[in-house]
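Engineer: What follows is each chain in one-letter form.
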Amino acid sequence: MTTNGDLLVIQNLVKHFPIMRGVIFQKQIGAVHAVDDVSFSIKKGETLGLVGESGCGKSTTGRAILQLYRPTSGHVYFQGVDLVQLKGKELRKVRRSMQMIFQDPYASLNPRMTVGEIVGEGLFVHQLSQGQESQDKVDALLEKVGLDPAYANRYPHEFSGGQRQRIGVARALAVNPLLVVCDEPISALDVSIQAQVINLLEDLQGEFGLTYLFIAHDLSMVRHISQRVAVMYLGTIVELTNRDELYLNPLHPYTQALLSAVPVPDARIERKRQRIILTGEVPSPVKPPSGCRFRTRCPLAKQICTDQKPEFREVAPDHFAACHLV
Amino acid sequence: MPELLQVKDLETNFRTNEGIIHAVNGVSFHLKAGETLGIVGESGCGKSVTVMSMLHLIPSPPGKVVAGQALYAGQDLITMKDQEIRHILGAQISIIFQDPMTSFNPVLTIGKQLMEPLEIHQNIDKTSSKERAIRMLEMVGIPNAGERMGDYPHQFSGGMRQRVMIAMALICNPQLLIADEPTTALDVTIQAQIIELVKRLRDELGMSIIWITHDLGIIAGLADRVMVMYGGLVVEEVPVVELYSNPQHPYTIALLSSLPRVDELGHRRLASIDGLPPVLLEKPSSCPFAPRCQFVIERCLSELPPLLPVGLDHTAACWVDPATGKERS
Chain A
1 MTTNGDLLVI QNLVKHFPIM RGVIFQKQIG AVHAVDDVSF SIKKGETLGL VGESGCGKST
61 TGRAILQLYR PTSGHVYFQG VDLVQLKGKE LRKVRRSMQM IFQDPYASLN PRMTVGEIVG
121 EGLFVHQLSQ GQESQDKVDA LLEKVGLDPA YANRYPHEFS GGQRQRIGVA RALAVNPLLV
181 VCDEPISALD VSIQAQVINL LEDLQGEFGL TYLFIAHDLS MVRHISQRVA VMYLGTIVEL
241 TNRDELYLNP LHPYTQALLS AVPVPDARIE RKRQRIILTG EVPSPVKPPS GCRFRTRCPL
301 AKQICTDQKP EFREVAPDHF AACHLV
Chain B
1001 MPELLQVKDL ETNFRTNEGI IHAVNGVSFH LKAGETLGIV GESGCGKSVT VMSMLHLIPS
1061 PPGKVVAGQA LYAGQDLITM KDQEIRHILG AQISIIFQDP MTSFNPVLTI GKQLMEPLEI
1121 HQNIDKTSSK ERAIRMLEMV GIPNAGERMG DYPHQFSGGM RQRVMIAMAL ICNPQLLIAD
1181 EPTTALDVTI QAQIIELVKR LRDELGMSII WITHDLGIIA GLADRVMVMY GGLVVEEVPV
1241 VELYSNPQHP YTIALLSSLP RVDELGHRRL ASIDGLPPVL LEKPSSCPFA PRCQFVIERC
1301 LSELPPLLPV GLDHTAACWV DPATGKERS
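Each protein sequence line maps, in turn, to chains A and B. Residues 1 to 326, numbered by my numbering, are exactly what the first sequence covers, in order. Residues 1001 to 1329, numbered by my numbering, are exactly what the second sequence covers, in order.
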């Protein structure tokens, strides 16, 4: 597997969650098709935004990449190594280079550990430093994310949402990762605090050359932080291209509808905008529609969309879309 | 247009273990018939508490409305008995809440819940109230309305549940609809559906709306006038177009420039507001935004600014003119 500048290459990733019936004699009666045949790659130092509505499989994709969920099939190449094949010790070694920042800063920090213990745990687990050295490193990290190192002995409940998210960022950075999966890191925060955390993430990226997979449902923020953006719908990627190309020239009907649904904070512009209002709701991932998964809500759907699954192909240079009609 | 609602110097406290939280500290506003007022602010700024206070929906204790008036059609809602306000709630003033799952009764069919306000407030018989309920469901875009009357809330999806909630709020033809972040829990495509629906119903039924939100985008397409709140106070009141083209309070300015925009070209660094919102353990005696404000002057730290006129129908509670950075004369 050659990497040519790609830090992460995902090929045909599939994750199905089985639906079981019975207590002792269990039998699989179906599956939630959370992620179905997803392929993309991320270059070193790049931020790839992954957007979609709730339940589209964007978080599952992030977790399957980190092997927090073992994929049903497919490959995840990280620096040329297929993580799906790794187990135990070998996997743990690679995990040092891949970290995650979680959505809910209230649930993702252990309430019984001090901030210093939380941030330093990775150093201990991966045996990177000990004793005073580790303490100094934790202090430096806290300072880096804009917290007073004197807070190291406090517990998470003593901090506000934005400060907790900073602790989560410090924890992720402690082990010098290459890739950070940010799973909706700002959606639980207030508007004025969101900008603080986003600026911090951008600064750290510049300083440490980090690569981000930025998962979010907020299209404005994804546009702000990403270089390339992938749009997911019901377990598949429907469109993937450069940030400005996606927002100026969206090709997939779902992307078009999604973008037009985002309100713009400016009354003059907002009142003139034409909206594509989608009818209906996202179908169940237990029994996704045949052919194109978006066809049940697509204003342009034709017969071919029911019969054939659209291929995810390059329709313009560096612009990929899965639609029969483009 | 006549005033439908006139709120004066409303103050609400909450007694907690840490002390008394001054959630709302003298809020005044008015609403004309047929007008849509947006109330914008971050969590804890008192936007919901303001509205819930005047409708007796604050859990008491610990909450208490300690001062103020809310004149609705000439009557003061604050001094009204709970019994009396029940005749108004659901009939003339209705509310849609943020979380449609927890605002329905899970063990009653939605048909029963839709017909309940009609039976209580309008005293009409079952057959015609059932007809009205079905018509209302059709109006908010629920397919097979007749059959779905027998379904329970959990059988609806989030967006559909919010539609049913709107149907329930509007079934008695209220004059005032209060929407407390009704789309926050929904996806953007569903949010767009709900907003379109509310706009259509507003034009058809001619009601007034108070729309509470933290999203400055939603309010742009919906409100006529916007009230920005911070620290339990109104910091700016402004016609919606001017909110974006000519914001006058430093908080509003900072908030707008910290937002990324979906129609933005290129990359700029987001302006962030340093620090944290205030904990309201004391009633503010100086500007609550001063510790985070980039225009702060000495007077801000000692004296609470009142709402000063800064333009046509436009007021801001700030001593400083942000255009010059000097004190307003």
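Simulated from the structure, these hints should not be mistaken for laboratory data. Please note that a few of the clues may not be correct.
[To be verified] In silico lysine-lysine, DSS-like type, Cα no more than 30 Å apart, as pairs:
(1) B:1032 <-> B:1112
(2) B:1199 <-> A:272
(3) B:1081 <-> A:272
(4) A:137 <-> A:44
[What the hints assert, rightly or not] To spell it out: a stretch of chain B is covered by chain A in this simulated footprint if at least three of its residues, at any positions, have a beta carbon under 8 Å from a beta carbon of chain A; those stretches are:
(5) 1167-1173
(6) 1252-1260
Even for Gly, the Cβ is constructed at its ideal location relative to N, Cα and C.
Engineer: Evaluate each hint against the coordinates.
Structural biologist: These are the hints, each one checked on the structure:
1. B:1032 <-> B:1112: violated (33 Å)
2. B:1199 <-> A:272: holds (15 Å)
3. B:1081 <-> A:272: violated (45 Å)
4. A:137 <-> A:44: This hinted pair holds, its Cα atoms lying about 25 Å apart.
5. 1167-1173: Per the Cβ count (0), the hint is violated.
6. 1252-1260: Three-residue rule met by the stretch 1252-1260 of chain B, so holds; n is 6.
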